[in-house]
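The listed protein sequences derive, respectively, from chains A and B. For the first sequence, the residue numbers in my numbering are 116 to 338. For the second sequence, the residue numbers in my numbering are 11 to 1018.
The hints are simulated quantities; they were obtained by calculation from the structure and are not laboratory data. Possibly wrong hints are sitting among the right ones.
Cut-off 27 Å, straight-line C-alpha distance, at most; resulting in silico cross-link-like pairs (DSS-like, lysine-lysine) [what the hints assert, rightly or not]:
hint, chain 1, residue 1, chain 2, residue 2
1, B, K15, B, K935
2, B, K225, B, K109
3, B, K225, A, K143
4, A, K330, B, K995
What follows is a list of derived Cβ distance ranges for each label pair [stated by the list, open to error]:
hint, chain 1, residue 1, chain 2, residue 2, range
5, B, D680, A, G251, 55 to 61 Å
6, A, M336, B, E939, 30 to 36 Å
7, A, G251, B, M875, 56 to 62 Å
8, B, E571, A, S321, 55 to 61 Å
9, A, E176, B, P696, 40 to 46 Å
10, B, D972, A, D135, 47 to 53 Å
11, A, G251, B, E726, 57 to 63 Å
Glycine residues also receive a C-beta, built at the ideal position from the N, C-alpha and C atoms.
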Amino acid sequence: MIVAQAKPIEEILEMIDKYDKILLVGCKGCVAVCAAGGEKEVQFLASAIRTARKTQGREIEIREVTLERQCDPEYVEQIRGFAGDYQAILSIACGVGVQFMAEHYREIPALPGLNTSFMGGALEQGVWSERCQGCGNCVLHLTGGICPITRCSKSLLNGPCGGSSNGKCEVDPEVDCGWQLIIERLKALGEFESRFMEIVPIKDWSTSRDGGPRKIVREDMRQ
Amino acid sequence: MTGRKIGAVMVVGGGIGGVQSALDLAEAGYKVYLVESSPSIGGRMAQLDKTFPTNDCSMCILSPKLVECGRHPDIELLTYSELLGLEGEPGNFRAKVLKHARYVREDICTGCGTCQQKCPRRTASEFDGELGERKAIYVPYPQAIPNVPVIDKQICTYFLKGKCRVCEKVCPAGAIDFEQEDEELEIEVGAVILALGYETFDARLRGEYGYGRYKNVVTSLEFERILSASGPYRGEILRPSDNEHPRRIAWIQCTGSRDTSLGRGYCSSVCCMYAIKEAIIAQEHDPNLELTIFYNDIRAFGKGFEGYYESAKKAGIRFVKSIVSDVKELPRTKDLFIRYVEDGEVKEENFELVVLSVGLEPSEQTKLLAKKLGVELEPCGGFCSTPFFNPLSTTREGVYVCGVFQGPKDIPETVMQASAASAVASATISAERGTMLQQRQYLPEKQIKGEKPKIGVFVCHCGINIAAVVDVEAVRDYARTLPHVVWAEDNLFTCAQDTQERIKKVIQEEGLNRVVVAACSPRTHEPLFRQTLMEVGLNPYLFEMANIRDQCSWVHMKDKEGATQKAKDLVRMAVANAALLEPLERERLPVRKRALVVGGGLAGMTAALGFAEQGFEVFLVEREAELGGNMRHIYWTLSGEDPQAFLEEMIERVTTHPAIQVITNAEVVDHEGVQGNFSTGVMIAPTMTYRKLEHGVTVLATGGEEYKPKEYLYGEHPAVLTQMELEERIARGELDLGELRRVVMIQCVGSRTEQRPYCSRICCSVAVKNALKLKELAPDLEIHVLFRDIRTYGLLEQYYTKARERGVIFTRYIPERPPEVEAEGNRLLVKVWENTLKDDLILEADLVVLSTATLPRENEELAAMFKVQRTLEGFYLEAHMKLRPVDFSSDGIYMCGLAHSPKLMDETISQAQAAVARASTLLAKDEIEVGGVVARVEPELCAACLICVRACPYGVPYICEDGYSVIDPAKCRGCGNCAAECPQKAIQLQHYRDEQLVAKVLALTRGI
C-alpha cells in the first residue's frame, strides 16, 4: 500500500487559515488501511480543526466525505454536485488523490492533509516499513526476495559497502544493512554461490524516476 | 363507425418497412397479417450489400428482424400473396387476399434445400439482378423467410412438359404438391398499412446511357449484388462482359430522377449516398480502383451523411459535377466512352464499368393496387398522396402508408415511418388491443434443484443436410455413452412440429431435466426448442444446442469421417455444458402505463397525442410557458398549409385531452429507474414547486434552434437576417416589399463547416419556400440563392424546379471561396466567386438572408440525467443508425424531432409517431420480464476497481455505498463485457459461467 501520515495539525491550520468553508475528503483505499486518511481520520481531523478554530473564535464549516478512492476519476467526480460550494478541498488521500482533486476541480484549491511517505506494509499494528521504490524493473528474483534498491540505503546492486557493520547500516544504526539481509537469505536458499558471485550489470534507471514522470498505456484495455 | 372493431392490422409489403410495422404492431398487442407478393419477406434491403453511413452489412442487420417476424406468434405471413381489394369500413375491413400456389406445402417443408439442389431447370435470378442463376424451384436467397421454396410455373419442366417431378422424388418431407391451387382468403382487419416499397427506374428509358445494350453498364442495384459476398461473383468486383476486374468505374447520378422530361421531376433521395457507399466499399475490395461519381448536386442531407461524403473525398473518390450526356461502348474492349461537360468544357473519358444510379419509383402493380383501394397518388412520380400534417394517412380512411411508396427515402426514415404508421393505424382500434393474440399454455415450472442431471440428446438429420455427410446414427449412439445422458435419439427433422410433441413426451416420460439438440444454429432455432421445454414446465435455460450443420456438415462435405468425428466432439461439448446448466430466474416487474414526454414543440405534442390516442396517460413537460416550440415561428409550407392554424388546433387538443397532463414552465431535475418503472422529478416555475412523475416510458423531444450567425455582418447590419426572421417579418407585414429590388440568400451558414461538419437538411427547402413566397408577393423582386449543393430531396425537388421557373437565380459557390458581404451605408454588397465564369459576381442587395444551421437545444445536463448518448454535435444518438432510429440504447427511452437531427415538420410528425409506436410495445405489456441471461456480481470478491463500470456499453454497473459493483438485472443486456473484463472474477454472466465454458473446453480436449 501507499503509506502516509498526517501532517502536523498546525501546518494544516495554517494552510486553511484564510478559509471558513472547506471540504474534507478522505479515501477508503491505502490511506484508510494505514490509518491516515480513512473515514475515521476524516472525523478526527474535522473535529480537531473545528476545535482549534473555535478556540480562535473563528468558526469553520467543514463537510466531511470519504470516497472509495481518490485515484479514479469516477470516484473523484462524486463530489461534483457540491464541491463548488466550498473554498478549498482538503484531501487526506495520498499525493495522487490530492492531484486528482486539483485536476478535476480547477477552480478550487486542493490542499494536502497528509505527507505521503512510501510504498510499504505493516510490520505490526501501528508500524509500517518501506519495501518498494517502484524502480520499474524488478530484481527481487536475484536478491532472495529482498529489495536492494529499497533496503540498502545506497541502493547498491552488488553487495554491501564498507559501511555495513554487525548487520547494521552506517547511515543509521537502527537500520538493518539490506545486503546483510540479502546474503543471509541467499545462503538459506542455497543460492549464495550462484547469485552473489554474479556481477549485476549497471542498472538502467530510465524505468525509474530518472526517465521522468511515468505512464502505462494498456492498449488491450483501452476503449 | 359504430360497428364492431377488429384488433388486427394488415400490412401489405414485406420489405423493411412492412416488417418493422408488423413487429411493432404485434409487440403492441395486435394481430398482424403481413402480405408480400414475392415468395419471401426482406424486400430491397435484402439485396443490398452494405448500408450507409455506417457500412453495416445489410443482410446481417436485416436478418434478425426477418427471423423475429417469421417466428412471431401474432404475425401471420402471407407470402406469394396479393391484396385484391378491401371492403367495409375503418375499424372493420374485409380484405380479399389471393394466395398463389407455391406447389410446396409450407406446413410440412423444413427448408432443407434438397429440391433446389436437384432441380434440373435453371434461369436468371431476379434477386441477383439477373447476373446469377436460380432453379425452377427456389428460395430467393439463403436467409429468406419463410425458408420454403416455390415452383416457378413458367419454367418448371413438369408444368411445361408434364414430366420431371424430381423435386417431389427427392423431398424427404413429402412437401411438394403439384395439385396446389391459388387460394382466395377473406381476412377481417381493423386497419391496413401499405408498405409497398419501390422498384428501380428502368434505365433503358435513358437510352443514351446504353443500359440493356452494353453489358458493362449496370444499375446500382445490380452493382450491390456484384459487391455482395453472397452475390453472383461471390463478392469479387467483376464486370459482366468478360468477368474481368474493372479498374476504372463511373457512377452516373440522377438516372431517372430530377428529370421532368421522363416524368420524374423528383429527387430519389438515396442515390447520392448509395453511390458514395458503393464507391467506398468498392475501394475497400480493391484500393487500386479509380472511382468517379458524376453528379448534379451531392445530396448528403441525412444524419452522418456529410461526414461520409467528406471521408469519400479524402479517400480519393473523384466527384465530377456534371451531367453525363452519353455513354458509348467501344466494340473491341467493351469499355465505355463517356462524354460530359465540366466547367464549360467538353471532356471525354473511358471507363471499364459504368454504374447507373437509378431512381426509385412505385411499381405498376403498386399503382394498380392503389387504384383498386381508392388511394390517391401524387401527380409527381405516382407516390402515395398524404396530407402534410398527417404523413402516414392515405386518402382512404383506415388505410395508412409508410416507406418509399409515400415518397423516396432511405432505410432509417422508412423504419421511422413504418413504426409511425403502426402507431396511427392501431390508434383507431386501440380498444381492441390484445383481443386477437395467441395464448400459449405452459405447465408450472418444475423445480430441479438437487436433482442429478438427466440429459436427453436429439440428433437431427436435417433431411440430408446433415445426414448426407455425418453418420447421424453413430453420433446418436455415441451420445448415449456420455455422462448424464439418459436418452438419445435421432430425428429426420428435430424442428418439425411432430418432433416437438415427441420431445415433450420424452421429457415427461424419462424425467429429463436438461435437453441437448444437435442440429443447426441456435440463432434461428433456439427459441423454438426453449418454447417446447417451457410447455412441459422445464426452465427454458436448461437447453443447449450443438451446431452440427452450419459448423460441421456444411463445411466438411468432402470429409465424412472427419465430420462425424467433429459432430461427436460438438455433442460431447454440448453435453458437458448442459450438465452444468442452471434454471435462470426471470423476475416480473409491473409496467406503469404512463408516458413522459419532455419538450412541448411539434414533436413532443405529436407524441403526447399519440400516446393519448393509444389509451395511455401522458405527462407533457415543457420548459417554456407556452407550448409550440419552433413551430410558433413557421407561417407557411411549400405545399401550402397553414402551420399556425394547425398549431392552434393541436395545442387545443393537447391541453383539453383528458389523458394528457401538460406541465409548462417545468425543468427536469432528476431521473431514476428502469424501463417500465421510471420516476422523474420536475421543478415548476415560478414557485419552484417540486413534483415527482412516475412513468413507464420516456420520450425526449427537446428540440433544436436556429443558429445565430457571427458571419456576414449578422447583428451588425439591419438588412442581414436569418430565414426564420425573414419569415416572421413577411408574416407580420414588417417588410416593405415595394422598397426591395434584390434579395440575396446565402446557404450553408454555419453548416458543413469544420466546426459543424453536418448538413442542416432543411435550409435549402426553407430558402426555396421563402423565395417562392417573396416571388408570390413581389413578382418583380430579384432573388439570388448562393448555394453549395441544393438539397431539395424527394418530392421537394418540384419546388426547386418551380423556383427556377419563377426566376429565382441559383448560383453555386465553392467552399474554398465563400461569399463576402460588405456594408455600404444602407445597402449591402455581396461578392461571390462564380467558378464557371472564373470571376467574381458583385450583387448589390437590399436584404441578405442567411440560411443558418439547425442546432440541438442545450441538452447536455438532461442527457447526463437520463444517461443517454449524444453525437459530437450534441444531437441525441440513436441505438442503431439504420434500424433503431428512435430508440436510445437504454431501454424505455425514445427520441424524436430536431433533437435527433434537423428535419422538416412532416418528418418530425412521423418520428414522433414512431417514438409512440416503439414505446407502446412496452406500455402494452402489463409486466416485463427481467433477468435470465444477465451478469451477476459476487460482492465479496469485488474490488470496486470500476473496470465493469467502464466496460459496460449501456452504463449499467455502479459501485454502491458499501463499495461493490451492482448490476441491475432489469437493465443488464447480458452482453458479458463486464464478466470478461472483471480482474477479480467477481462477475459471471449467467448461462455462460466460466465453469461451463471450461467444462466445454475440457470436453473438447478429452477427445483429442
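Each hint tested on the structure:
Only pairs whose Cα atoms come within 27 Å are accepted, and B:K15 paired with B:K935 is accepted, the gap being roughly 21 Å. For the hint linking B:K225 to B:K109, the alpha-carbon distance of about 37 Å lies beyond 27 Å, and the restraint is violated. Taken as a hint, the B:K225 and A:K143 pair is broken in the structure, with Cα atoms around 74 Å apart against an allowance of 27 Å. Among the hinted pairs, A:K330 with B:K995 is consistent with the structure: their alpha-carbon atoms are about 26 Å apart, no more than 27 Å.
In this structure the supplied range 55 to 61 Å is violated for B:D680 paired with A:G251, their Cβ-Cβ distance being about 46 Å. With their beta carbons about 34 Å apart, A:M336 and B:E939 fall inside the hinted range of 30 to 36 Å. With their beta carbons about 43 Å apart, A:G251 and B:M875 fall outside the hinted range of 56 to 62 Å. Between B:E571 and A:S321 the C-beta distance comes to about 59 Å, which sits within the given range of 55 to 61 Å.
Separated by about 31 Å at the C-beta atoms, A:E176 and B:P696 break the suggested range of 40 to 46 Å. The supplied range of 47 to 53 Å is broken by B:D972 and A:D135, whose beta-carbon atoms lie about 34 Å from each other. The hinted range of 57 to 63 Å is satisfied by A:G251 and B:E726, whose Cβ atoms lie roughly 59 Å apart.
This entry does not satisfy hints 2, 3, 5, 7, 9 and 10, going by the numbered hints stated previously.
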